[in-house]
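Chemist: In case you want the letters, here they are:
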Amino acid sequence: MLAVRDQRDRKAFGRLYDHYAPRLKGFVMRSGLPAAQAEEVVQDVMLTIWHKAALFDPHRAQVSAWVYQITRNRTIDMIRKERRPVPEEIEQDNAVAPDDAGQILAVEQETRYLAQALAGLKPGQRDAIEKAYLGELTHQELSTQTGLPLGTIKSRIRLGLKRLRHELKGMR
Amino acid sequence: MPVITHHIPDAMLAAYVSGNLEHSFALVVATHVSLCLDCRAAMEAHQALGGAILETTVPEKLPKSLKSSIIDRLDSPMVAAPGYGRSGIFPAPVMTALKGKPPRWKMLGAGIRQSILSADRSGSARLLYIPPGRAVPEHSHNGLELTLVLQGSFSDNTGHFGTGDLEIADADLSHQPTADPDVPCICLAATDAPLRFKPLIPRLLQPLFQI
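Residue numbers (this note's numbering), protein chains in the order written: chain A, 274 to 445; chain B, 8 to 218.
Where hints are given, some of them may not hold.
What the hints assert, rightly or not - With a straight-line cut-off of 30 Å between C-alpha atoms, the simulated DSSO-like cross-links for lysine-lysine are:
{"no.": "1", "chain 1": "A", "residue 1": "K325", "chain 2": "A", "residue 2": "K284"}
{"no.": "2", "chain 1": "B", "residue 1": "K113", "chain 2": "A", "residue 2": "K284"}
{"no.": "3", "chain 1": "A", "residue 1": "K354", "chain 2": "B", "residue 2": "K113"}
{"no.": "4", "chain 1": "A", "residue 1": "K284", "chain 2": "A", "residue 2": "K354"}
{"no.": "5", "chain 1": "A", "residue 1": "K325", "chain 2": "B", "residue 2": "K108"}
{"no.": "6", "chain 1": "A", "residue 1": "K404", "chain 2": "B", "residue 2": "K68"}
What the hints assert, rightly or not - For each label pair, taking beta carbons as the anchor points, the in silico distance ranges come out as:
{"no.": "7", "chain 1": "B", "residue 1": "S72", "chain 2": "A", "residue 2": "R353", "range": "51 to 57 Å"}
{"no.": "8", "chain 1": "B", "residue 1": "S83", "chain 2": "A", "residue 2": "A374", "range": "31 to 37 Å"}
{"no.": "9", "chain 1": "B", "residue 1": "P70", "chain 2": "A", "residue 2": "A374", "range": "36 to 42 Å"}
{"no.": "10", "chain 1": "B", "residue 1": "D45", "chain 2": "A", "residue 2": "E313", "range": "32 to 38 Å"}
{"no.": "11", "chain 1": "A", "residue 1": "G305", "chain 2": "B", "residue 2": "R111", "range": "33 to 39 Å"}
For the record, the hints were derived by calculation from the structure and aren't laboratory data.
Computed from a prediction, not measured in an experiment: that's the story for all the values here.
Think of the CB as a built atom: it goes at the ideal place given N, C-alpha and C, for glycine as much as any other residue.
Bound conformation, chain A alone (with noise of 0.2 Å):
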């Protein structure tokens, strides 16, 4: 992803599509759209990857939740046919903070734990916070039903939480 980022490779561009086209399809499809649809929401999302690859900030995020949430609003736009509120950009100016390598690896370790902590989950929860991730639940059924499954991951969200806010702060 960096080499997308910093030196517009194509190559490199390839193997994201290689790793993330097929998975993107396959989640898509489960969050309700017909194949071809699917297809035309994967084509936008890795083209919004390669245009918008100066926003990916490896010290805040890994590049599947980046993927996730360009994801999640491109197939929202399309279900609803409306343009969904994101936040502002945080500004980032490589060349004022450079790469913080510690901080990138503390950022991989930490979604490493988040993913093995959802790998140890009993099915039954693990789908409850699939389906809520993949837009199956409201707001509501999220604080009632998946309170428990929630709760066994929170600690690691946390942790991650506190790197990132820190960070957060520091670039202020």
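We have chain A; now place chain B onto it with these hints.
Modeler: For chain B alone, coordinates are given in the frame of chain A:
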């Protein structure tokens, strides 16, 4: 950055990230996150979880031609819908809802003004202008009401809300937000159902003002 003490509940952030919030509430969440690093960090943690789920999704076959057609299109510029940056007290999501223009205030009575940003069956979002020391007529809610302070501050029977703070009022709460005496209080307010006003006059005006 303002000192923010009233934040977005975690379940609501998760609902925003996964796209489960009505448009009017999503606008409030996106605006609060634009002002609040704590909630931005919490939001990004939910995105990380969404990403972890994406990684474990079973891949689906794609037509071979799709990859080459996407790579062929990398050089053509992307046609993006216009977005607007922050302007004064209004963060980018509010400016985008205003389509880049200043709010068009309409009088609600007693010096209170509003500017409707969106209104449909799923709910409404609007900007509210409350003169210093003035109170919004007492009302309760059929559903949920989110109020985010963009300038100044207000108080009601649940507490004090300063710039950047978010008040969440559900169907059980009847309240009368009163602006603090120093500066006019400007809020972004969103509901998923019409408000219920106690005094008769605002109730009669309700259909007219879409609140």
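Chemist: For each hint, tell me whether it holds in the structure or not.
Modeler: Against the structure, the hints:
1. Using a Cα cut-off of 30 Å, the hinted pair K325 of chain A and K284 of chain A holds, with the two alpha carbons roughly 17 Å apart.
2. Under the criterion of a C-alpha separation no larger than 30 Å, the hint pairing K113 of chain B with K284 of chain A is inconsistent with the structure, at around 55 Å.
3. Distance hint between K354 of chain A and K113 of chain B is fulfilled; the C-alpha atoms sit about 29 Å from each other, no more than 30 Å.
4. Distance restraint check for K284 of chain A and K354 of chain A: the Cα-Cα separation of roughly 34 Å exceeds the 30 Å cut-off, and the hinted pair is therefore not satisfied.
5. Distance hint between K325 of chain A and K108 of chain B is fulfilled; the C-alpha atoms sit about 26 Å from each other, no more than 30 Å.
6. For the given pair, K404 of chain A sits about 22 Å from K68 of chain B by alpha-carbon distance, which is consistent with the 30 Å threshold.
7. Hint check: S72 of chain B to R353 of chain A, Cβ distance near 29 Å, so the stated range 51 to 57 Å is violated.
8. Remark: the range hint 31 to 37 Å for S83 of chain B to A374 of chain A is upheld by a beta-carbon distance near 35 Å.
9. Take P70 of chain B and A374 of chain A: their Cβ atoms lie about 39 Å apart, and the range 36 to 42 Å holds.
10. Judged by the Cβ atoms, the range 32 to 38 Å given for D45 of chain B and E313 of chain A holds: they are separated by roughly 36 Å.
11. For the hinted restraint 33 to 39 Å between G305 of chain A and R111 of chain B, the CB-CB distance of approximately 37 Å keeps it satisfied.
In this structure, the hints that do not hold are numbers 2, 4, 7, in rising order.
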